[in-house]
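Trainee: Knowing the structure of chain A, use the given hints to seat chain B on it.
Protein chains in written order, with my numbering: chain A, 1 to 438; chain B, 1001 to 1438.
Since the hints were derived computationally from the structure, they do not count as laboratory data. Note that the coordinates shown come from a computational prediction; the quantities given were computed from them, not determined experimentally. Among the hints, a few may not be true.
Straight-line distance between alpha carbons at most 30 Å, and here's what the computed DSSO-like set of lysine-lysine pairs gives [what the hints assert, rightly or not]: (1) B:K1049 x A:K304; (2) B:K1304 x A:K143; (3) A:K49 x A:K143; (4) B:K1316 x A:K255; (5) A:K304 x B:K1255.
Far from chain A by the CB rule (all over 12 Å, computed), these chain B residues [unchecked claim]: (6) A1020; (7) D1031; (8) K1042; (9) R1043; (10) F1044; (11) S1048; (12) M1102; (13) F1146; (14) E1148; (15) E1233; (16) V1256; (17) E1303; (18) M1331; (19) P1332; (20) Q1363; (21) I1407.
From the three backbone atoms N, C-alpha and C, an ideal C-beta is built for every residue, glycine too.
There are 2 protein chains.
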Amino acid sequence: MGMKVAKFGGSSVADGIQLAKIREIIYADPDIRYVVVSAPGKRFSEDSKITDLLYSCKMHIEHHLPYEQLYQVVCDRFSAVAFNLGVDAGLREEFDSILTAMKSGASEDFVASRGEYLNAKLIAAYLGWDFVDAAGAILFDAKGRFLEKETNEALSAALAGHEHAVIPGFYGTKPDGSIKTFSRGGSDITGSIVASAVGADIYENWTDVSGFLMADPRIVRNPREISAVTYAELRELSYMGASVLHEDAMFPVHKVGIPTVIRNTNNPTHPGTLISLHLPVEPTVPTISGIAGRKGFSVVAVEKAMMNSELGFGRKVLQVFEEAGVSFEHMPSGIDSISVVVSGEALEPHREEIVRRIADLTQPDVLSIHDHMAIIATVGRGMVSNCGTAARLFSAMSRAGINVRMIDQGSSELSIIVGVDDADFERTIEAIYNEFVG
Amino acid sequence: MGMKVAKFGGSSVADGIQLAKIREIIYADPDIRYVVVSAPGKRFSEDSKITDLLYSCKMHIEHHLPYEQLYQVVCDRFSAVAFNLGVDAGLREEFDSILTAMKSGASEDFVASRGEYLNAKLIAAYLGWDFVDAAGAILFDAKGRFLEKETNEALSAALAGHEHAVIPGFYGTKPDGSIKTFSRGGSDITGSIVASAVGADIYENWTDVSGFLMADPRIVRNPREISAVTYAELRELSYMGASVLHEDAMFPVHKVGIPTVIRNTNNPTHPGTLISLHLPVEPTVPTISGIAGRKGFSVVAVEKAMMNSELGFGRKVLQVFEEAGVSFEHMPSGIDSISVVVSGEALEPHREEIVRRIADLTQPDVLSIHDHMAIIATVGRGMVSNCGTAARLFSAMSRAGINVRMIDQGSSELSIIVGVDDADFERTIEAIYNEFVG
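Chain A extracted, bound-state conformation (with noise of 0.2 Å):
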């Protein structure tokens, strides 16, 4: 069926019971070739997980504490692991050397890193595949950032060898050698990053949920999964808070168009969220993929007669959010208005001065700032071909009495975004799920 890369979340990996059930995931599917692990997450919610573990030991070692008992604390998880599987990994020797790194001073990356080290060792013996190290294969410059070029190339190399290997997440070496990691989380991004590097048909995220979800399950009761989006929407839906991948851990497989399936290791005949480049638009309903939104903006709004025959109008008052350092989200305008919608947070420490610069640079009529504006996206496609999908959206809006602040449609058919009272916020959301799901 083509390649696969799977990458398995800390909780997919957090102890021999769930590595049994990733072993079975991974034998039962010969297109995988290459795993990616995260180090073992929380087996219970009171547990903690490894990496934070390793944090705190070398904090203890900086502050000259104690911190023997703690290190034991990791290095028992990993035994007991491998005693649990009869898995003979070597990990004895790699506990050894990493104390004595710890001890002559290794790097916070370094240390933070081992979790998913000692874990693609594990989990490689217990499967009988090769381990292959991101250490001189995801490459970082001498300032940190990730070189993308060079470790396609690297990767490339290091995995041409190997049918099948099992790489850790988080991290990857700069020019020195020394071990640079990413953000946390980051082991989304080794994954990404791998399935790009061989050309994989597929990247198999999988973790402890059956794919995103249509809405936040604090609003919206069971929202359903969704079964397929786009990057370009799940990329609307995150910006606009959703809970999903975020950005940079997908760019990698996005850029290239691979696609992703977010997969769940305890579940794992549910077919999860297919993430595309580009998915079929159904000619006669929308398709919605989700709704989110997020509270406290503020809009500052512009009156002046005639403004449009006055050129540059917009670009002013714009430049003056610039010069303040705040981004503007959208700017809805009519005839002799414009406003501009921020979040209120970003604008507060710059209120008065922005005032002032907007009054000064474009002598408007009136000048007024509402604050507390959340703004809702609903995102899909087809949203714009199907004609009535403003109709009900806006209809539901109505029948559950919640005033539209603000309405911006522009030519993508990704989303429909309207502003209503942070308020409303929580019934807004409710009412379109309800309308286009529910």
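Mentor: Below, chain B without anything else, positioned relative to chain A:
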């Protein structure tokens, strides 16, 4: 009830029958203290307007063509009306002195203004009121720019001694005493200036229609008249292409908050359209004032992943249009997309330059231009605060099978703006009209 200034347009003062009507209107309302008049307009559809005949006289003189017969037609029309109404306004001497002035090279503005001058003389005599010339009272600077403050003073002084007066519309004088006219239709401006200068309570603008229509009668069959509208709403309708008073004509009264009433000389019992600064907002239903729109817009769509995190992105895009001298109308945006809506005609000569500059400045992922979009504004009060408005509007469009290409609604309570294919323009206006009015 308060002092009124009444302006009577060309068709209201075209002949003796019309003058009899306006005298009845004026005599019936003791509040009307000052009357501003246009030159006589057409009496029937193939007729000539006096002002056109006068322009033609001037052109004949300049090209050394015989013009005496043409001028005689002008004089005869005034003489016939005076004879019909049994009025002696001393027009014969006026005719002679205008002829003398024309022969000795009077300016085009002087010649063009004589229709209003003669008509105001005639009507003053017919009403038994004083004639007060606009020359010396409506003032322009040497470059022909209207002097607001000086005019207010001169006009107040000129009218101070007159309980009632008739003032010719359309013209005033420059500092050297030469005649300067407003643009065509400028009698509306004069009326508005007089109302402002004397501090009228109401400015009545008498025409041949019973107020402004809620939609273009070529699109909607027998549209209703707008009964009440604010200056700001009317400005939006006017900007969007509705046939209403030009902004310039309303500015003097709009500025000082004097209400204008558009009334029909041929149907004086009809209340017409009231235009005022503020109007009450119904708490439960939106009040739609009118629906207007224009075709032929183009949408320049710029897509770039993570543009929101790029400070200055929107400003840069707008700057490109500004540098090309192309005004933008709207800028709806998604998360990773900005659409700039501009007049297709204005874009055409700068198309390549704008595309190249945006590409250079912002390095977009996708840059595309979509032509042939119509923009339709539904203008009214309480559009935003009544939650069902958007729902009704989009449901009506949906039932008519019309795709919404763009939606823009900012903090302005005044309008919801939608973009549709040019081909759907008329159907959209019909659908919205039928939903809210029809």
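Trainee: Take the hints in turn and mark each one as holding or not.
Mentor: Results for each hint:
1. B:K1049 x A:K304: violated (37 Å)
2. B:K1304 x A:K143: It holds: about 26 Å lies between the C-alpha atoms, which stays within 30 Å.
3. A:K49 x A:K143: Between K49 of chain A and K143 of chain A the Cα gap is close to 28 Å, so the pair holds against 30 Å.
4. B:K1316 x A:K255: holds (25 Å)
5. A:K304 x B:K1255: holds (13 Å)
6. A1020: holds (40 Å)
7. D1031: holds (29 Å)
8. K1042: Fine: 32 Å to the nearest Cβ keeps K1042 of chain B off the interface.
9. R1043: holds (36 Å)
10. F1044: holds (37 Å)
11. S1048: Consistent with the label, S1048 of chain B stays out of reach of chain A, its closest Cβ about 33 Å off (over 12 Å).
12. M1102: Non-interface label on M1102 of chain B holds, nearest chain A Cβ at 37 Å vs cutoff 12 Å.
13. F1146: holds (16 Å)
14. E1148: Answer for E1148 of chain B: holds, closest chain A Cβ roughly 15 Å.
15. E1233: violated (10 Å)
16. V1256: Holds, because the least Cβ-Cβ distance between V1256 of chain B and chain A comes to about 14 Å, which exceeds 12 Å.
17. E1303: violated (7 Å)
18. M1331: violated (5 Å)
19. P1332: The claim breaks: P1332 of chain B does not keep its Cβ more than 12 Å from every Cβ of chain A (closest is about 4 Å).
20. Q1363: holds (15 Å)
21. I1407: violated (4 Å)
Violated hints for the displayed structure, listed by number in ascending order: 1, 15, 17, 18, 19 and 21.
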